[in-house]
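Q: Chain residues, written in single-letter form:
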Amino acid sequence: MSFRLISESQYALPISILLISPICLFFLCMYGKYSEQYKETYKKHVIENLVKTIHPSLKYENIINNKLEQHYRSLEYRNPNSRLVEGRFLSNDYISGLVDEKLIELSDVYLQYACVFAHCTLNRGISHEIKIRNSKNSSILNKRMLNTVQIDSTEFEKYFDVFSDSKITALEILTHDVMEEIMKFYNNSPINFEITIREDNIYIRYDIGDIFEVELFKKSTSKKMLWCYYIALKFAVNLTLKINKILESKEDIL
Amino acid sequence: MTYLKAILISIISGGAVLGILRLEEVILGPAYLDYIGNYSFDSNLFIILSFIWICISMWAVIKAWLYTSGQDNKKWKNKISRKNMTSEFEEVYRTIKRNYTRELSILRLKSIIFLMRSSLNNTIVSTHVLSSNK
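Those sequence lines, one after another, are chains A and U. Going letter by letter, the first sequence gives residues 1 to 254 in the working numbering. Going letter by letter, the second sequence gives residues 1 to 134 in the working numbering.
Check before you lean on any hint, since a few could be wrong.
Stated by the list, open to error - Below, a list of computed lysine to aspartate or glutamate pairs in the DMTMM-like style, where the Cα atoms sit at most 20 Å apart: (1) A:223 - U:90; (2) A:224 - U:88; (3) U:77 - A:210; (4) U:83 - A:180; (5) U:63 - A:215; (6) A:184 - U:90; (7) A:234 - U:88; (8) A:44 - U:103; (9) A:234 - U:90; (10) A:250 - A:100; (11) A:184 - U:88; (12) A:167 - A:200; (13) U:83 - A:181; (14) U:97 - A:48; (15) A:234 - U:91; (16) A:52 - U:90; (17) A:223 - U:91; (18) U:77 - A:215; (19) U:97 - A:40; (20) A:33 - U:103; (21) A:224 - U:90; (22) U:77 - A:207; (23) U:110 - A:215; (24) A:242 - A:180; (25) U:79 - A:207; (26) A:52 - U:88; (27) A:167 - A:251; (28) A:43 - U:103; (29) U:77 - A:213; (30) U:63 - A:207; (31) A:223 - U:103; (32) A:223 - U:88; (33) U:79 - A:210; (34) U:110 - A:40; (35) A:39 - U:103.
Claimed, not checked - Taking beta-carbon pairs under 8 Å as the criterion, some of the chain U residues facing chain A (in silico): (36) 84; (37) 85; (38) 96; (39) 108; (40) 112.
Since the hints were made in silico from the structure, they are not lab data. Just so you know, even glycine gets a beta-carbon here, dropped at the ideal spot from N, CA and C.
Make a model of the complete structure from these sequences and hints.
A: What follows is the structure, encoded as structure tokens:
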């Protein structure tokens, strides 16, 4: 009845717009509220427990933080147009813990575009820098040029480019075991990633987009997505353990 | 590919619906419209429908552009293979699913119901206010 009255009126269009706009706004506001509640519950139950299964000491926190900002900016990542990635640093998921007494941190990063960034600490510092990139990604390498290093493994070279200012150090760190771990992650996931080893830090940037975010109208426990989170974190932990083992066994690595 | 499909579907279906509505008015003329009763094709409705259709099409085009230009870095999601999943992960996933899926599903359902109910209430109130003002 009311619709007929409205539709017959000369003010039909303004009235319809007046009616539709607040409803849309209201719907969006309420959607945000319920969606946020749902996300919180999902993170608390699913992500917290997923993280614990990778290593009991790892802890997930759903907090707005900038704990990894300094590390992230120091790497001077560039976008596909070779421009420095700049802007406001945002992050709202943070995973951290001590694995073999070494700190491992992982966080989502929103800086121009979303990615995931991991920072792991080594037993001791090395004086040279090593960068490992997917071959197709090497165009976005930092311009502070390092030399390309030829690796013994043709299989590894097929998929990755290695850059360092010391070939010897790069070859000493990239043992068969380490390369196998990287290849395993590469084969198991389609995620683009890049690894930087600098001083006593390992940095891994996963081009994975925003993580741990679920939508109210979408399936939350997506097996494929959980698998990606699982292997990304597991890879950071395993790689750190393996490189630390190398540094322990070869004390002459500079 | 998904976004290309979305663009095509939104443009074709939206265009088809609007085209049919317009054709009905143009071809059949006022005599037919009088014949079927008081129904008349309101041009305001046509404008609203066109506006919604343009919005949907624009959204699909922007999404497709982001996707093809690489700024939407979710392309890799389609390449995830279940074959690579380890038994260790399968066990973890089973535990999570067993313990939390039910709770999350209930919460989601509740949220959707509350959301719909609130929106419906708002619609009823707005309509009532507008019609009583007349």
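Q: If a hint holds in the structure, say so; if it does not, say that too.
A: Structure-based check of each hint:
no.: 1; hint: A:223 - U:90; result: 9 Å, holds
no.: 2; hint: A:224 - U:88; result: 14 Å, holds
no.: 3; hint: U:77 - A:210; result: 12 Å, holds
no.: 4; hint: U:83 - A:180; result: 19 Å, holds
no.: 5; hint: U:63 - A:215; result: 17 Å, holds
no.: 6; hint: A:184 - U:90; result: 18 Å, holds
no.: 7; hint: A:234 - U:88; result: 12 Å, holds
no.: 8; hint: A:44 - U:103; result: 12 Å, holds
no.: 9; hint: A:234 - U:90; result: 14 Å, holds
no.: 10; hint: A:250 - A:100; result: 18 Å, holds
no.: 11; hint: A:184 - U:88; result: 15 Å, holds
no.: 12; hint: A:167 - A:200; result: 18 Å, holds
no.: 13; hint: U:83 - A:181; result: 18 Å, holds
no.: 14; hint: U:97 - A:48; result: 14 Å, holds
no.: 15; hint: A:234 - U:91; result: 15 Å, holds
no.: 16; hint: A:52 - U:90; result: 15 Å, holds
no.: 17; hint: A:223 - U:91; result: 12 Å, holds
no.: 18; hint: U:77 - A:215; result: 16 Å, holds
no.: 19; hint: U:97 - A:40; result: 17 Å, holds
no.: 20; hint: A:33 - U:103; result: 18 Å, holds
no.: 21; hint: A:224 - U:90; result: 11 Å, holds
no.: 22; hint: U:77 - A:207; result: 11 Å, holds
no.: 23; hint: U:110 - A:215; result: 14 Å, holds
no.: 24; hint: A:242 - A:180; result: 11 Å, holds
no.: 25; hint: U:79 - A:207; result: 14 Å, holds
no.: 26; hint: A:52 - U:88; result: 13 Å, holds
no.: 27; hint: A:167 - A:251; result: 17 Å, holds
no.: 28; hint: A:43 - U:103; result: 13 Å, holds
no.: 29; hint: U:77 - A:213; result: 14 Å, holds
no.: 30; hint: U:63 - A:207; result: 18 Å, holds
no.: 31; hint: A:223 - U:103; result: 17 Å, holds
no.: 32; hint: A:223 - U:88; result: 13 Å, holds
no.: 33; hint: U:79 - A:210; result: 17 Å, holds
no.: 34; hint: U:110 - A:40; result: 15 Å, holds
no.: 35; hint: A:39 - U:103; result: 13 Å, holds
no.: 36; hint: 84; result: 4 Å, holds
no.: 37; hint: 85; result: 5 Å, holds
no.: 38; hint: 96; result: 6 Å, holds
no.: 39; hint: 108; result: 6 Å, holds
no.: 40; hint: 112; result: 7 Å, holds
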